[in-house]
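Q: Residues per chain, in single letters:
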Amino acid sequence: NAGVTQTPKFRVLKTGQSMTLLCAQDMNHEYMYWYRQDPGMGLRLIHYSVGEGTTAKGEVPDGYNVSRLKKQNFLLGLESAAPSQTSVYFCASSTLSTSQVQPQHFGDGTRLSIL
Amino acid sequence: AQTVTQSQPEMSVQEAETVTLSCTYDTSENNYYLFWYKQPPSRQMILVIRQEAYKQQNATENRFSVNFQKAAKSFSLKISDSQLGDTAMYFCAFMSNSGYALNFGKGTSLLVTP
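Residue numbers (my numbering), protein chains in the order written: chain B, 1 to 115; chain D, 1 to 114.
A hint or two may mislead.
To be verified - Straight-line distance between alpha carbons at most 27 Å, and here's what the computed DSSO-like set of lysine-lysine pairs gives: (1) D:Lys106 / D:Lys55; (2) D:Lys106 / B:Lys9; (3) D:Lys78 / D:Lys55; (4) D:Lys73 / D:Lys55; (5) D:Lys106 / B:Lys57; (6) D:Lys70 / D:Lys106.
Claimed, not checked - To list a few chain D residues with every Cβ distance to chain B over 12 Å, as calculated: (7) Val19; (8) Ser28; (9) Asn30; (10) Gln44; (11) Asn58; (12) Ala72; (13) Ser74; (14) Gln83; (15) Leu84; (16) Asn103; (17) Pro114.
Just so you know, the hints here were simulated from the structure itself, not pulled from any lab data. Every residue gets a Cβ at the ideal spot worked out from N, C-alpha and C, and that includes glycine.
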C-alpha cells in the first residue's frame, strides 16, 4: 500500500548544483502536483500535471522544471539550486471524478537544504 | 487567486475538551471545495474532512465536524473529545470547481495537553 512515494527524503546541496526529486504513485491517478512548504507559509503549488506528457505552472514555478513522461511519475528539477529553495517539498496526486471531488494524496515530503 | 486565512497561528486545548479552528476564504465562485488537512510531527499530510460548497449540510467525520457558512465564507473545524494524537498543524485548503490544485492557509498549530 505505497500510495505516493518521494525520493529522496532528505538532501543537502551546494548553491549552483542541480538535482531531481522523484515522485511515484501507484494509484493510477491522472493528476499530480508539487508543493513547497516554508515556515509560516503553508503549502504553495510549484507545478502540476493533469496527465502524461502535460505540465503547468503553479503559484511559485520560478527556478523549477518538471516532467511527466510516465503517468505514475512526476519529476521536479532544480537546474541551479539557490538558498531560497531550501524548503520541504511535497508531491501529491489525485484522480478524476465527475461525481465527487477527490482529495489529494500526499507523499511524506523531501527536506532540501541549499548551502 | 483565492486566499485562505487562518487567523489562529497557535492553539491549545486540554485532553477530552472541544476546540474550534477558524478558517476564512475569499472567492467569487459559487461552486468549490474546502478541506482540512492535519500534519503531525511526522510531516505527513492527512485529510481530515472535506466539504462541497453546494451542500448545505455540514460535513462530519467521527470527532471532527465543520461549520460551513457560505455567505460569510467561513469554514471552521471543531474537534470534540480532543486526544493527545490530535496534536498537529492543521491546514485549511480551498479548491476551485474549475481548478485542480489546493490553496492552503498558513496553518494553525494545535497542542493537546494532558
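Q: Are the hints correct? Go through all of them and say.
A: Okay, the hints, checked on the actual structure:
| no. | hint | result |
| --- | --- | --- |
| 1 | D:Lys106 / D:Lys55 | 26 Å, holds |
| 2 | D:Lys106 / B:Lys9 | 23 Å, holds |
| 3 | D:Lys78 / D:Lys55 | 18 Å, holds |
| 4 | D:Lys73 / D:Lys55 | 14 Å, holds |
| 5 | D:Lys106 / B:Lys57 | 21 Å, holds |
| 6 | D:Lys70 / D:Lys106 | 21 Å, holds |
| 7 | Val19 | 20 Å, holds |
| 8 | Ser28 | 18 Å, holds |
| 9 | Asn30 | 15 Å, holds |
| 10 | Gln44 | 6 Å, violated |
| 11 | Asn58 | 16 Å, holds |
| 12 | Ala72 | 21 Å, holds |
| 13 | Ser74 | 18 Å, holds |
| 14 | Gln83 | 22 Å, holds |
| 15 | Leu84 | 22 Å, holds |
| 16 | Asn103 | 8 Å, violated |
| 17 | Pro114 | 27 Å, holds |
The structure shown violates the earlier hints numbered 10, 16.
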